[in-house]
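Could you put the whole structure together from the sequences, leaning on the hints where they help?
Letter by letter, the chains look like this.
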Amino acid sequence: MSETPKIDRADTRVRADEGLLGALRGFLDRLRSGDLGVLPVILGLIVIAVVFSSLNPVFMRPNNLTNLLFDAAAVGLISLGVVFCLLLGEIDLSIGSMSGVASAILGVLWVNAGVPWPFAILAALAAGAITGFVYATLLNTFGMPSFVSTLAGLLALLGLQLYLLGKSGSINLPFQSFVIRFGQTMVMPGWLSYLVALIPGATIFWFGLQTRTQRAQANLSVPSMSVLVVKAAGLTAIILGAVWYLNQGRGVPWMFLFFMALVAGMEYVLKRTKFGRSIFAVGGNREAARRAGIKVERIRIYAFMLCSTFAAFGGVLAASRLASASRQAGTGDVNLNAIAAAVIGGTSLFGGRGSAWSALLGVLVIQAISNGLTLLNLSSSLRYMILGAVLAIAVIVDSLARQSRASHGRA
Amino acid sequence: MPAEAVGDSAPILKLSGVTKVFGAVTALDGIDLEVRRGEVVALVGDNGAGKSTLVKILSGVHSKTSGTIEFNGAEVSIDTPGRAIDLGIATVFQDLALCENLDVVANLFLGQEVNAWRLNEVEMEVRAWKLLGELAARIPSVREPIASLSGGQRQTVAICRSLLLDPEIIMLDEPTAALGVAQTAEVLNLVERVRDRGHGVILISHNMEDVRAVADRIVVLRLGRNNGTFGPEATQEELVAAITGATDNSVSRRAGKRQDETTAAGEAR
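Taken in order, these protein sequences are the chains called A and B.
All residue numbers for the first sequence refer to the UniProt record's numbering, where the first residue is 1 and numbers rise by one.
All residue numbers for the second sequence refer to the UniProt record's numbering, where the first residue is 1 and numbers rise by one.
Mixed in with the good hints, there may be bad ones.
[Said to hold, decoys possible] Now the in silico label distances, taken between C-beta atoms and shown as ranges:
id, chain 1, residue 1, chain 2, residue 2, range
1, A, Ala113, B, Val76, 50 to 58 Å
2, A, Phe147, B, Thr19, 32 to 40 Å
3, A, Ser221, B, Gly30, 49 to 57 Å
4, B, Arg138, A, Tyr268, 29 to 37 Å
5, A, Phe147, B, Arg83, 37 to 45 Å
6, A, Thr213, B, Glu75, 14 to 22 Å
7, B, Arg83, A, Ala113, 42 to 50 Å
8, A, Pro118, B, Ser141, 46 to 54 Å
9, A, Val269, B, Val76, 32 to 40 Å
[To be verified] Incomplete in silico selection of chain B near chain A, CB under 7 Å:
id, residue
10, Pro81
11, Gly82
12, Ile85
13, Gly88
14, Glu100
15, Asn101
16, Leu110
17, Gly111
18, Leu119
19, Val122
Hints listed in this document are in silico derivations from the structure and should not be mistaken for laboratory results.
If you're wondering where the values come from, they're calculated on a predicted model, not measured in any experiment.
Quick reminder that beta carbons are idealized off the backbone N, C-alpha and C, glycines included.
Structure, rendered in structure tokens:
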């Protein structure tokens with residue numbers, strides 16, 4: 001009995017990449033056409049690890065890596081927010097100031113006014129949401145480029161931060177509180193961290209199986225089982241290894257798990273919901289999206305609100321990490337670190353390409369460099385110059401890959 | 001229902017005195033147009049005659065300055081693209097309006113995704129293949145981004161998208177301009193199939209052969225005004241005269257200019 005061809009394999013011009021070898025061939029093809037995916041980041045992380053641990057062996061010690069993850073969560077959350085703006089082809093330059101304002105609101109309401117901390121955090125997030133709404137409205141109503149409105153917002157929010165903090169300039173947060181322990185010491189129990197480490201692989205495997213059954217029922221080609229198993233097993237092995245290594249020292253910070261969970265959630269929103277699809281459409285071709293009936297103005301409002309709210313949340317985490325709300329919070333390199341992290345992770349500055357994972361991967365690179373340079377006792381002047389160069393390289397890689405994709409007929 | 005509805009039934013879409021002004025330019029001036037069930041209306045005219053402006057008004061991209069639009073007997077205002085889609089007016093734009101960074105399936109279902117909070121990719125892919133099959137489309141893979149498709153393939157995707165929602169009226173702005181011989185025939189077949197299902201079709205084309213092949217009526221626009229309605233039996237000369245303006249015909253003017261040039265050249269010698 002001859003098998004009827006699958007619906008999507010009827011055209012003989014399409015090469016069916018079956019099995020592990022096929023997957024490898026498809027991957028190499030994508031690489032050659034400039035679809036680099038996460039490869040530059042992985043290579044970057046390996047180079048960073050080798051260079052810094054040879055210069056200072058402390059870098060690769062489990063306790064230092066745990067520290068690194070504590071630091072990464074705050075900037076990572078800010079970066080996760082800016083992914084939404086970048087995907088639209090817009091930018092938010094005020095995320096650093098926004099995080100500073102959020103930490104100031106937390107300090108003023110919680111310590112000075114005695115408001116319970118959950119409400120103080122909610123107030124900070126609400127301030128973020130309102131700020132994002134204002135940017136989107138300026139763009140929608142007056143056509144004010146986000147580059148300009150958020151640059152103005154950067155100054156205005158910085159002023160607000162200084163005003164809120166008043167003459168003292170800094171507010172110490174209560175050390176024994178949950179918020180501070182969450183930001184400084186709370187790590188997962190060993191057994192739980194191993195259990196959680198199994199979740200990503202299991203999720204990939206479970207959804208992969210579901211997709212296989214559904215596609216088989218619909219007479220579509222089915223992705224190969226071996227690729228699925230290798231993917232899930234490989235990911236689980238890597239994560240288990242990392243968790244085991246961290247558990248040789250202090251362990252896995254709850255704060256980092258919290259950040260990871262939000263990244264996973266946002267990845268789902270971006271790739272598996274109509275809202276996420278609309279964001280990519282607006283970033284790819286705004287007019288086409290509008291003609292398809294997508295309410296572009298509304299998508300912008302949601303994206304900017306998410307961006308500023310995540311920036312505010314990042315500010316709250318930064319305050320809990322430092323146990324204080326100060327004038328310095330959110331200033332300096334926070335802004336560009338967050339944007340650079342998203343770009344290094346693979347979210348295009350030109351809109352329409354990227355993922356929530358880019359915030360996670362990028363922030364690991366940025367934070368690893370930052371941490372390594374601190375361990376080498378380099379002055380902040382040198383650190384700024386080196387991070388600036390890294391950002392420039394990331395943008396160059398993005399532009400080159402984009403040109404290559406264009407010449408290979410890929411988006 | 002569709003079969004007996006063909007012919008002298010009430011129009012689905014009726015435009016009276018539709019005018020569009022861009023600053024000092026009157027792009028459309030008092031346009032009247034009717035489209036009935038099971039009818040293909042061809043809209044022809046020279047560049048700048050206002051065809052695309054009319055399409056954009058009917059699809060909610062531009063808003064009209066004055067005049068009325070009736071849909072199924074009730075006056076409507078089509079102020080957003082979403083409104084046009086809800087009414088059942090589907091449009092294939094000349095510039096196609098596709099998102100190059102998304103794959104074929106995502107483009108076909110853009111704004112109409114199955115399952116908003118958990119996209120059903122499998123069902124969308126199956127329906128995409130079915131639609132493409134009906135058009136005899138030659139798309140190798142629906143999981144490739146639009147950027148990797150040729151002009152003709154993109155055109156097919158855009159036409160497929162307009163059919164997705166089973167609209168009452170479909171507007172095609174230069175649908176065959178970028179297509180090969182086989183696809184052009186397929187698109188014309190498709191236009192007839194859509195008509196036979198009882199939908200109204202508005203077809204804009206510069207290709208008089210295509211127009212005469214499928215149109216039940218040919219409406220000529222000239223400089224933003226109605227300039228005559230013809231049946232499919234109209235001759236090429238009649239159409240050209242109406243498109244270019246019978247009294248001020250650029251073909252005759254060109255002939256006249258040549259005459260002058262040769263006389264002038266003769267005198268100079």
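Hints that the structure is at odds with (numbers, increasing) = Per hint list: 5, 6 and 13 violated.
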